[in-house]
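In the order they appear, the protein sequences are chains V and X. Under this note's numbering, the very last position in the first sequence is 497; numbers go up by exactly one each time. Under this note's numbering, the very last position in the second sequence is 286; numbers go up by exactly one each time.
Take the hints with a grain of salt, since some may be wrong.
Each pair of labels, with its calculated beta carbon distance range [stated by the list, open to error]:
1) X/P93 with V/S444: 22 to 32 Å
2) V/I166 with X/K7: 34 to 44 Å
3) X/E57 with V/A491: 51 to 61 Å
4) X/D138 with V/D225: 27 to 37 Å
5) V/D228 with X/E57: 51 to 61 Å
6) V/D260 with X/K144: 37 to 47 Å
Taking lysine-lysine pairs in the DSSO-like style, the calculated list, with each CA pair at most 30 Å apart, reads [claimed, not checked]:
7) X/K92 with V/K456
8) X/K235 with V/K301
9) X/K173 with X/K195
10) X/K232 with V/K445
11) X/K181 with V/K301
12) X/K92 with V/K242
13) V/K383 with X/K262
14) V/K305 with V/K315
15) V/K363 with V/K383
16) V/K242 with X/K173
17) V/K30 with V/K86
18) X/K232 with X/K262
19) V/K23 with V/K170
20) X/K92 with X/K232
21) V/K376 with V/K445
22) V/K383 with X/K7
23) V/K305 with X/K137
24) X/K235 with V/K252
25) X/K144 with X/K195
26) V/K301 with X/K72
27) V/K340 with X/K262
28) X/K72 with V/K305
29) X/K173 with X/K7
It should be emphasised that the hints constitute simulated quantities derived from the structure, not laboratory data. We put the beta carbon where it would ideally sit given N, CA and C, even for glycine.
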Amino acid sequence: MSYRTADELHQEAQCLLDEYLPKVAFLKVKERQKIPSQDMPVQHPEVRSHNMEEVALGYSFEQARVEAFRCLQCAKKNCIEGCPVKIDIPRFIDHIAKGEIEQAIAVVKETTLLPAVCGRVCPQERQCQMHCTLGKSLKDVDSSVAIGRLERFVADWERINNKIVIPTVKPATGKKVAVVGSGPAGLVVAADCRREGHHVTIFEAFHKMGGVLRYGIPEFRLPNDIIDKEIETLAAMGVEIKTNFVVGRTRKLTDLIDKDGYDAVFIGTGAGLPIFMGIEGENLNGVFSANEYLTRINLMKAFDKNADTPLYPSKRVVVLGGGNVAMDASRMAKRLGAEKVFVVYRRGENEMPARKEEVLHAKEEGVTFLYLRNAKRILGDEKGCVKGIECLEYELGEPDASGRRSPVVVAGSEFLLEADTIIVAVGNGSNPLISQTTPQLNVSKRGNIVVDETQKTSMDKVFAGGDIVLGAATVILAMGEGRKSAASINAMLLNNP
Amino acid sequence: MNRILYKHQLSQDVFLMRLYAPMIAEERLAGQFIILQTDDNYGERIPLTIADADISEGSITIIFQVVGKTTKHLATFDVGDELPALVGPLGKPTHIENFGRAVCVCGGIGVAPMHPIAQALKKAGNHVTIITGARTKDLIILEKEMSMIADEYIACTDDGSYGRKSLVTGPLKELCESEAKPDIVIAIGPPVMMKFCSETTRPYNVFTQVSLNTIMVDGTGMCGGCRVNVGKEVKFVCVDGPEFDGHLVDFDNMISRLSAYKEIERTHYKCFVEKTFNNAAKAVTL
Ligand SMILES: Cc1cc2nc3c(=O)[nH]c(=O)nc-3n(C[C@H](O)[C@H](O)[C@H](O)COP(=O)(O)OP(=O)(O)OC[C@H]3O[C@@H](n4cnc5c(N)ncnc54)[C@H](O)[C@@H]3O)c2cc1C
Ligand SMILES: Cc1cc2nc3c(=O)[nH]c(=O)nc-3n(C[C@H](O)[C@H](O)[C@H](O)COP(=O)(O)OP(=O)(O)OC[C@H]3O[C@@H](n4cnc5c(N)ncnc54)[C@H](O)[C@@H]3O)c2cc1C
Ligand code: SF4
Ligand code: SF4
Ligand code: FES
């Protein structure tokens, strides 16, 4: 598909809007199906692969309305079924169709706190948009109503136009809630508990707030301004923020309750434990976990010449993995000047867990994908630096119990890729810091905190949610668990005056 | 928060600071460290051992050597200034018990992290021998404090300007061969020194604990940048350590990993010094 500028897309939408606006109320399903889906304007691949700015530029008002016209306003709202937090999708889209953006964002905010984030990073093609009737009738999930882009549009509109209203906070209850971790799960708990009038403190280990939204997902996909705005809103609501505070070390979890008088604790510490492959050469200079690579750049700003945190000089980069993390790392490597970037993934393209859009964007930016390949060992030079990686070819075998065809090694298929940098992005386990220092806390074999259906842990007054419970999952699932936890905490505090 | 209460220059490149950090002072145990930043936007996160703490004053003591940009910048902070970011205590505390004869070997700035450990070992009833090594007399620090703790204090210098003219491994080997064979050796200092201490004690089968100073980013086990090979396992120094069995540590790999950014760090340092100090010098002469 040829590249079209934001302006071209906008002009086209303007024409479509003029054409459809007079008759939109009378359109038959067949006619609606014919309204062209609106492409997201993006920076040109050549340009964006050399800068950190956001790739997707966002719909114009006209584009958003035309896209909203496509929604069939189904009686059976399949799309809602696909959304983990059950946003009333047809209702907010209907407001956009009518040009009522303020009402649209209000609907979205009934259920989600971070629409600007979810609209950008949700794997929509596997959630809301997968279930959309329009996409199904056109037999193409890419033809579904672009729910995520519309959600992003209304959220951006609200932020850009300074319409963010600070939620009202009920009179002080005198109860104290401690939130550990400032990722999406923690942010939601803080907002929801604060609204009920409880005193809320967020404890964050890093010097900056936002969890993976800050240190993991890059600026070109999720600008920091958006996170800053959310934090500002929380602060304006009176949420107390303590950065540089590692619960379990700076203070024991139990001390927060016993000594500091917190009436409830929420643990949202995420899945911050990088998994390595355990192959030869993994400790050579030039081998990084994606966490380290992205943290140096996103949190420590190593891409900036003013930053003190150094960056490894990379020319040929191999990224191992096929999820969002691998996409972010490979696209980042390109932006930082790598001449050649490979993504080595052990299954096929269709099995890749990354969002479709990220894969497409990575390809456009010049990342090379090697499917059905996996690393065998990393080779180093006499100075202990990476000089290449030996990989193996795989083929898809018989479907396993889960129905997925698992990859099988092709004997003797070793081949060498020259590289100076290897980024391991094969997953994250759960960070053991809290569980190690809180032996009373029940955790699963994989280190995830065990909770009941109200998100309560094995400890009194202690709740948990997000990646620390689910294993590495998604922003929206973390938020959903935060919501549930906050409801349980609020109920508990209401019942124990 | 994080206000500097006291600052003192111990030797040409080594500074001691007491920082107001009541929470850390209360929680910390021997062997633990903090991470600080001299700028929380563009600054690096650097780990420094907590050399001492005073709960009544709410302070912790750090002792650091100027080796690069961040430590150079830190040295320009004065009493009353606040550090933009300070987090801790991190790492596992040293395991302290009455081992019997404990030998603490400190190389250079390693005296600083050793101080609380030696203190704790003494308090637990050990016979404590302290061996310190420095290149030359002027670089010896904390001599009074250490010799007060020690049952036996042996100072060595490379050039013989003070104490014995020997590397620390000299007296260490003698102790291992003597009647008073150590029950535990703790070595803290430059990686090469820890490596050779471990090699010295290996033939005598004396358990040797080292405290590793790998490059770190977060210090909470999130990035894996601090990883080292210990025996057949990969360990994260910030959460599994910083202390490990020196006979199992792959020092060569660790030393090579420490040099990953040497060139870039040198450039950062040079730029910083030129910008900060040459301009200051010009300002004075004008
Ligand atoms: C590179 C990358 C890209 C991703 N892309 C996507 C995407 O496109 N779409 C999507 O839906 N999901 C994506 N994810 C996953 C998503 O970011 C996570 O599922 C989500 O952030 C989990 O939220 P959380 O609140 O559970 O924890 P986190 O976001 O991990 O936040 C946990 C916070 O707790 C802090 N913390 C940890 N321990 C302590 C402690 N002891 N004391 C105090 N604070 C502590 C951490 O510093 C961190 O700030 C991505 C993840 C990564 C790493
Ligand atoms: C657990 C731990 C405890 C430590 N305790 C002390 C202490 O009590 N006193 C003290 O003076 N130093 C201590 N260090 C070392 C100290 O962290 C480094 O000297 C400091 O990070 C250097 O920062 P810089 O910006 O000044 O120098 P840089 O310009 O970053 O580095 C200069 C040189 O120091 C080495 N280096 C870089 N980063 C680190 C790092 N994070 N750790 C170790 N070496 C590094 C590199 O080889 C580099 O070439 C400790 C390190 C660790 C891991
Ligand atoms: S939150 Fe995610 S799943 Fe729900 S509607 Fe928005 S984009 Fe779709
Ligand atoms: S399923 Fe699709 S077309 Fe139907 S209401 Fe939802 S978004 Fe609109
Ligand atoms: S410093 Fe990041 S894991 Fe140890």
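Going down the list of hints, with the structure as the test:
Checking the proposed 22 to 32 Å range against X/P93 and V/S444 shows it holds: the Cβ atoms sit about 27 Å from each other. A beta carbon spacing of about 42 Å between V/I166 and X/K7 agrees with the range 34 to 44 Å that was offered as a hint. Between X/E57 and V/A491 the Cβ separation comes to about 43 Å, which falls outside the hinted range of 51 to 61 Å. Range check, X/D138 to V/D225: Cβ separation about 51 Å, and the 27 to 37 Å hint is violated.
Roughly 36 Å separates the CB atoms of V/D228 and X/E57, a value that falls outside the hinted 51 to 61 Å. Separated by about 39 Å at the C-beta atoms, V/D260 and X/K144 satisfy the suggested range of 37 to 47 Å. Distance restraint check for X/K92 and V/K456: the Cα-Cα separation of roughly 28 Å lies within the 30 Å cut-off, and the hinted pair is therefore satisfied. A C-alpha spacing of about 26 Å is found between X/K235 and V/K301, which places the hinted pair at or below 30 Å, so the restraint holds.
For the hint pairing X/K173 with X/K195, the CA-to-CA distance comes to about 14 Å; that is within 30 Å, so the pair holds. Under the criterion of a C-alpha separation no larger than 30 Å, the hint pairing X/K232 with V/K445 is consistent with the structure, at around 22 Å. For the suggested pair X/K181 and V/K301, the alpha carbons sit about 50 Å apart, so the restraint of at most 30 Å is broken. Straight-line distance between C-alpha atoms of X/K92 and V/K242 comes to about 23 Å, which keeps the hinted pair within the 30 Å bound.
Restraint check for V/K383 and X/K262: the C-alpha separation of about 13 Å stays at or below 30 Å, so the hint holds. Note on V/K305 and V/K315: the hinted pairing holds, with a Cα-Cα distance of about 18 Å set against a maximum of 30 Å. Distance check on the hinted pair: V/K363 and V/K383 sit about 33 Å apart at the alpha-carbon level, beyond 30 Å; violated. Pair hint V/K242 plus X/K173 does not hold up; C-alpha atoms about 49 Å apart against a cutoff of 30 Å.
For the proposed pair V/K30 and V/K86, the alpha carbon gap of about 27 Å is at most 30 Å, so the pair holds. With a CA separation close to 28 Å, the supplied pair X/K232 and X/K262 stays within the 30 Å bound. The hinted pair formed by V/K23 and V/K170 fails the criterion: a straight-line CA distance of about 45 Å is larger than 30 Å. Between X/K92 and X/K232 the alpha-carbon distance is near 21 Å, which keeps this suggested pair within the 30 Å criterion.
Annotation: proposed proximity of V/K376 to V/K445 holds, straight-line Cα distance about 27 Å (limit 30 Å). Restraint check for V/K383 and X/K7: not satisfied, since their Cα atoms lie roughly 39 Å apart, outside the 30 Å limit. Taken as a hint, the V/K305 and X/K137 pair is broken in the structure, with Cα atoms around 39 Å apart against an allowance of 30 Å. Simply put, X/K235 and V/K252 have alpha-carbon atoms about 23 Å apart, close enough for the 30 Å limit, and the pair holds.
For the hint linking X/K144 to X/K195, the alpha-carbon distance of about 27 Å falls within 30 Å, and the restraint holds. Between the alpha carbons of V/K301 and X/K72 the distance comes to roughly 20 Å, so the proposed pair stays at or under 30 Å and holds. Simply put, V/K340 and X/K262 have alpha-carbon atoms about 24 Å apart, close enough for the 30 Å limit, and the pair holds. Our distance criterion of 30 Å between C-alpha atoms is met by X/K72 and V/K305, whose separation comes to about 18 Å.
Proposed proximity of X/K173 and X/K7 is contradicted: the alpha carbons are some 37 Å apart, above 30 Å.
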